[in-house]
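Asker: Line by line, the protein sequences give chains X and B. Note that the first sequence covers residues 2 to 366 in this note's numbering. Note that the second sequence covers residues 2 to 366 in this note's numbering.
Don't read these hints as lab results, they were simulated from the structure. Just so you know, not all the hints are guaranteed correct.
All copies of an identical chain are treated as equivalent in the list; a pair is satisfied when it fits inside any one copy or across any two copies.
In silico DSS-like cross-links for lysine-lysine, where the CA-CA straight-line distance does not exceed 27 Å [what the hints assert, rightly or not]: (1) LYS283 x LYS96; (2) LYS3 x LYS90; (3) LYS96 x LYS3; (4) LYS90 x LYS283; (5) LYS296 x LYS90; (6) LYS3 x LYS283.
All values derive from a computational prediction rather than experimental measurement.
Residues per chain, in single letters:
Number of protein chains: 2
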Amino acid sequence: MKIEDLPTPCLVLDRTILLRNIGNMARWLARHRVPLRPHMKTAKSIDVARLATAGQPGGITVSTLAEAEYFAGHGITDILYAVGITPQKLDQVAKLNSAGAAVIVLTDDLDTAGAIAAHRQPPRALIEIDTGEGRGGVTPDDNELLEIAARLGPYLAGVMTHAGHSYSGRSLDDIARIAETERAGVVRAAERLRQVGHAAPIVSMGSSPTALHAQNLDGITEVRAGVYMFGDLFQAEIGTHDLNSIALTVLTSVIGRRPGRLLVDAGGLALSKDRSTADAPKDYGFGLVLDAAGKRDLGDAVIRRAYQEHGVVEADPMHPLELPIGARLRIAPNHTCMTAAAHDRYFVVEGGDEVVAIWPRVNGW
Amino acid sequence: MKIEDLPTPCLVLDRTILLRNIGNMARWLARHRVPLRPHMKTAKSIDVARLATAGQPGGITVSTLAEAEYFAGHGITDILYAVGITPQKLDQVAKLNSAGAAVIVLTDDLDTAGAIAAHRQPPRALIEIDTGEGRGGVTPDDNELLEIAARLGPYLAGVMTHAGHSYSGRSLDDIARIAETERAGVVRAAERLRQVGHAAPIVSMGSSPTALHAQNLDGITEVRAGVYMFGDLFQAEIGTHDLNSIALTVLTSVIGRRPGRLLVDAGGLALSKDRSTADAPKDYGFGLVLDAAGKRDLGDAVIRRAYQEHGVVEADPMHPLELPIGARLRIAPNHTCMTAAAHDRYFVVEGGDEVVAIWPRVNGW
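Only chain X is shown next, with the shape it has when bound in the complex (with noise of 0.2 Å):
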């Protein structure tokens, strides 16, 4: 199967781009020497896993209770579930537990700290440390840490923290200062932990920029980052990706045509509303155009209007957009995360136009 025999929209995935990106990564931890606990959220493939945790521990990050038991089920067994846990999902978790795998849940919080300590077959917990970007955890000299470890008793298993505030650096410089808080901010609070008595063996940290970016690893126990393996537009926008490193790219169909503009069935939905590169250096609308082949010889042309099915490609002045309907195109997105969610299966290729492999993914709850 070719390219051009693909049903459109649909996402495409670049192997070797893919290959090397997960390359990258593994090459630049191994000189900190800090093993990487790949985060599945972004790619949600077992095919893809599979790459990713190749000569690493073999843990895995995720996002959801679904794709926990997606990769449970499909061998991966050592799961970081890093959303805070409720109350309510604790059965879940058990029964996956119960099934063979490991996972292991995140808190902030006193009451639920209890829940966890309480539940009749508890899963093991890190404590989510807030090193800045203020959205969840508590800091690291927060005295409700010690009480969250407590409660915990002989279930906590560490720390754990997300610099998700590294997407606002604007350098490199900048992502590497986060990265060094970020670090600080965790050891920190494992070192309070180990100073009253508890093993937090699991000192987490991660982003995708402040894993590429941090200088110094010390202490950290394991590494999280997921969107190092496909990168998009506003990874590098911020410096952290190879414009020429994209390895997902949404493949289109030109379904409409008027002067300086073509109509694609790539819309908000195949795409996402995601407009992150709003602010960034560079605004890409929707999503950047390649062509057909994903090369960037379509100059600036960008899908600047997104509509549920439809989305409106504004040609460069420089490279007009001559194609016939049904012609095809591919667009780079802005937030991979968000673009392939709404598909249910990889087309990979490996360079060229040969589809050499379908990999589903698990999406939802």
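For this one, chain X is given, so just place chain B on it according to the hints.
Answerer: Relative to the frame of chain X, chain B by itself:
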């Protein structure tokens, strides 16, 4: 099963409100003596389609071939695929039509009209008319209209327009004016076709706003509308839907708490990144926060930020949110078509907290 037993995030669909919305549209169009061809791109559910087509001729509108296949498989045969067709998609249409469906396609392109007529099993086709939206279609007085009609020959079934720019109307008078332009334009196109001998039996217009606010539908043979079934915050802001008649909400759980705000497990995937209310009179962020019963008693609490799986609820200072981890809330969406698309089913209630049915959805392409 009760709402409190449901896994989160998930869709809750209130059948009582849905039936009221469907009844209002049917009564309004009955006054004009024009039937409805409901657009199923919002609901994507056979159960909803059965309610929306009750008392109507029975045909529907779809936005993807996946919907066409799904609804045809559930016995609905009269299907308008209302997104510009490509020559490559004609085989799939032919396959559905061979199996008993009567899928009608849409084009505004001369070459594509030729490809339709030359197919081994041509579907009937509508010509898309641009009555002011400027997305797709030929204008009513364009010479190309007659050329495309000639190329389609016996497969020409009529004309269709979509006044999507009614969404930017800022008053009901605006919308009524746009509806009249939409009606007059598509009827004019049909008249031109009839003057040269084409039957053009179908003269189709629609969008929920213009369907509900047209004062005159003379010459129109069918109206298409979809979002009116569920409604959303954006439709409420433009005055075409009652804020208390939004049938679809996202059920979510509290997963974090800080002064003045909460974290919930409905983020950018469960809600979509749609920000259509950003420019509306009232900006609801990524959605309006309701209590677990779907009532608006939390004031102006909204989802201010949306990460992949985390939503940040900004409380209304007049309505402090003191809720434990695991407490339930419901979120009214900005744009119901986009929000529903991340979910594979509806949990159906009838005003109360009892789940009376589970209705699947068809997603993807």
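Asker: All hints, please: hold or fail.
Answerer: Evaluated hints:
Taking the shortest alpha-carbon separations for LYS283 and LYS96, neither the intra-copy value of 46 Å nor the inter-copy value of 44 Å comes in at or below 27 Å. Proximity of LYS3 to LYS90 under the C-alpha cut-off of 27 Å is restricted to the inter-copy arrangement: shortest distance 16 Å between copies versus 43 Å within a copy. In this homomeric assembly, LYS96 and LYS3 come within 27 Å of each other (Cα to Cα) only across copies, at 21 Å, whereas the closest approach inside a single copy is 42 Å. With identical chains, the CA atoms of LYS90 and LYS283 are never at most 27 Å apart, being 41 Å at best within one copy and 35 Å at best between copies.
When the C-alpha separation of LYS296 and LYS90 is checked against a cutoff of 27 Å, the pair qualifies only between copies, where the shortest distance is 25 Å, while the shortest distance within a copy is 44 Å. In this homomeric assembly, LYS3 and LYS283 never come within 27 Å of each other (Cα to Cα): the closest approach is 33 Å inside a single copy and 48 Å across copies.
The structure is inconsistent with the numbered hints 1, 4, 6, although it conforms to all the rest.
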